[in-house]
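*Asks:* So the chains spell out like this:
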Amino acid sequence: MHSPRRSRRTAAAVTGSAVLALLATACTGTNSAGGTDDSASGKDVTITFWHGWSQENETKAIQANIDTFQRLHPNIHVKVVGDIADDKSEQALRAGGPDAPDVVSSFSTDNVGKFCSAKVWADLNPLLKKDGIDPARTFPAAMLKYSQFEGSQCSLPLLGDSYGLYYNKTAFAAAGITAPPKTFSEFDADAVKLTVADGDGYKQLGFMPTYHGYESAPSRYLGQYGASYFGGAGKSNIATDPRVAAMFTWQKNLIGKLGGFDRLEKYRSGFGDEYSAKNPFETGQVAMSIDGEWRTASIAEDKVSFDWATAPFPVPDDQADTYGRGYQTGTIIGIARTSRKQAASWELVKYLTTDTDAVVGFANAIHNVPSTIAALGSPKLDADPNFRTFIDIARNPASDTTPASINGGAYQISIQNLGYAYESGKQSDLAAGLAASAKEIDAAIDQAK
Amino acid sequence: MAVGSTAVPAALKRKHRRETARTLAFLSPWLIGFGFFFAYPLISTVYFSFMRYDGFTAPTFNGLKNWDYVFNHYPFFWQGLRNTLWLVVVMVALRVAFGLGIGLLITKLKTGVGFFRTAFYLPYLAPPVAATMAFAFLLNPGTGPVNHLLGDLGLPQPGWFTDPSWSKPALTMLAMWGIGDLMVIFMAALLDVPKEQYEAAELDGAGPWQKFRYVTYPNISPIVMFAVVTGVIQTMQYYTQAIVAGKVASGVIGGSGQQFEPGYPHGSTWTLPQMVYNLGFQRFDTGSACVAALVLFAISMAVTSLLLRRRSGFLSSED
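Sequences listed follow chains A and B, in order. Heads up: the first sequence at position 285 corresponds to 285 in the working numbering, and the numbers run straight through without jumps. Heads up: the second sequence at position 201 corresponds to 650 in the working numbering, and the numbers run straight through without jumps.
By construction, these hints were calculated from the structure, which means they are not laboratory data. None of these values were measured; they are calculated from a predicted model. Misleading hints may appear alongside valid ones.
Pair by pair, the computed Cβ-Cβ distance ranges are [stated by the list, open to error]:
1) A:Ala436 / B:Ser614: 17 to 25 Å
2) B:Gly603 / A:Gly270: 14 to 22 Å
3) B:Ala583 / A:Asp302: 22 to 30 Å
Which residues of chain B face chain A? A few of them, derived with a C-beta cut under 7 Å, are [said to hold, decoys possible]:
4) Asn668
5) Tyr726
6) Phe733
Yeah, the Cβ is synthetic: ideal placement off N, Cα and C, and Gly gets one too.
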């Protein structure tokens with residue numbers, strides 16, 4: 001027999017324990033490991049796939065691939081949720097639970113380092129090995145690089161983006177230029193020739209070199225130099241790799257040749273939205289631009305009033321033999337570590353990322369670069385020569401990307417900020433700036449470890 | 450007698466206990482809310498500020514490393530603190546002065562009060578994102594109508610949101626445009642000042658300034674204090690307008706290999722709340738984000754306490 005007083009104490013202890021357990025769970029914010037399922041034995045399994053595509057042609061294309069997958073695997077049912085931003089999927093993966101996605105894709109490759117190192121996304125290496133898929137023979141080197149971190153292949157590329165040169169053929173003809181530039185000295189000369197001043201502004205600018213000129217970010221230019229970001233010990237080597245300093249110097253000199261930073265910035269402030277028909281290349285405000293392969297579809301759709309073409313972006317004069325390379329990024333896909341349906345999830349990821357017809361069909365539908373070596377060589381790919389430029393850039397073994405880092409894109413912000421300070425004249429000592437930025441990057445990575 | 454003397458305090462004690470329990474029961478909704486939505490998050494924030502925690506894996510103790518990183522190595526802390534304090538001092542002062550000025554003008558109007566009151570209040574209803582985008586387009590240095598007009602008048606054309614020396618003044622202009630909230634509060638306070646006091650002051654030969662200094666201000670000073678304190682707290686949390694203005698003016702959407710510049714241009718619109726987001730959700734460093742949040746909390750508390758202590762809270766001189 002127990003007294004009411006004892007009951008109250010017991011109830012208080014139970015309540016206290018429950019509250020403590022609740023608080024402890026809330027504090028840690030971690031979730032349990034996932035597990036496999038019985039899909040291989042033919043049992044019905046439903047998986048949830050979150051992606052970020054939202055345009056009608058994109059969602060139709062991804063659904064077409066899902067429909068084909070479900071025909072091939074009638075016992076695996078896929079619940080597709082589109083238009084999911086990275087922040088939302090990160091929160092869902094933090095929280096876990098039955099409503100969290102099993103398969104997740106992201107437009108940004110910058111967070112792969114965190115996803116892999118924190119084991120938020122499952123390492124796919126054992127699954128690739130089990131199915132006899134050699135990643136190095138399946139995916140282009142640059143795409144493989146941005147989808148892994150320190151040996152963990154926690155994501156796979158699901159279509160890619162290559163960066164190249166867009167040029168206004170009509171403006172080229174008017175300026176007497178017969179072919180796209182291949183080296184930076186040719187490029188600078190063409191940019192100057194194509195520039196038509198108008199008071200303290202421009203009627204037409206050859207090229208907008210500043211780092212806010214939409215896609216003209218330091219990473220895109222550094223891709224043309226083949227610069228490395230980190231050394232063997234994982235320390236930043238931007239202060240010691242001469243190609244980084246060479247890029248900053250080239251860009252700054254080009255700004256000077258085209259009229260100076262203030263004048264260019266004022267002109268840039270009048271540019272329309274990047275992802276619209278008011279894009280400065282489409283309006284003729286600039287005669288050349290660096291951009292991704294998706295722009296070919298936008299320009300064709302917007303029916304611009306001039307002839308245009310694409311080519312690889314130029315390379316430094318002392319690396320002329322690397323002409324054809326370009327910066328490479330793309331969409332990635334992975335499996336939530338907390339998923340309890342990893343076998344079925346892997347079947348979907350494997351199909352979407354390695355089935356040549358699936359990859360080619362999706363690439364053609366949304367005008368992205370395919371992400372497997374086989375798909376890049378497929379005769380079924382869009383034959384438009386302007387689009388083919390980007391296929392060749394993706395196939396080029398010298399094409400490169402920004403590597404994954406444990407703290408996301410923080411190191412890129414440090415490099416960009418130095419770029420903004422240097423191009424505007426706020427920072428004049430480039431060597432000191434690079435050394436300070438390298439120190440800043442190392443401190444941030446040390447903090448994240 | 451002895452029995453009575455022990456029985457009465459016991460009965461009193463029981464009564465007191467019952468009253469306390471009843472009071473706590475009535476207060477319980479607030480106590481629960483305070484516990485879950487203030488005390489628990491605050492204690493957690495202090496706890497996490499001493500932990501290495503990326504939001505995904507279990508936290509581990511790392512002493513003062515987060516504090517050292519934020520104060521000594523994180524490249525944006527001091528800039529964010531300077532910008533936030535600039536906004537607190539300049540933006541709050543100008544908003545209060547402008548709101549009071551508009552309130553005074555409208556209460557003096559003989560006709561068209563409804564029209565002007567509505568005209569000044571309406572901008573406050575505009576969603577912050579839409580209002581900021583509209584300002585960014587109006588103040589665009591290349592194509593915006595404001596600079597066209599300034600140019601036509603032969604006046605200098607600032608870079609506004611693209612120039613680090615003009616970006617915070619431009620944000621302050623945006624804040625003053627949405628002055629409707631303060632205007633309404635000040636109007637209510639001004640209309641509440643007893644007319645007899647003005648009449649007495651006039652009989653004593655007081656001019657407009659003396660009437661404001663010795664009649665109006667003492668009556669509305671608690672409202673001014675309220676406006677300052679809430680303004681400081683709101684400005685310490687300034688996030689949306691700063692980040693939207695920076696994003697629109699920079700034109701950069703960002704993506705793989707291309708990060709949005711924190712506080713474009715040149716960090717001039719970077720504020721402490723943006724720092725919390727950057728550290729916690731972009732760098733996956735919840736521990737350091739908690740340090741930044743605690744700094745924000747400490748400054749807000751210190752400024753608010755100082756203001757309230759100096760002015761005896763929200764009481765007027767007569768109270």
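*Asks:* Starting from the hint list further up, note which numbers the structure goes against and sort them upward.
*Replies:* Hints 4, 5 are the ones this structure does not satisfy, whereas the remaining hints hold.
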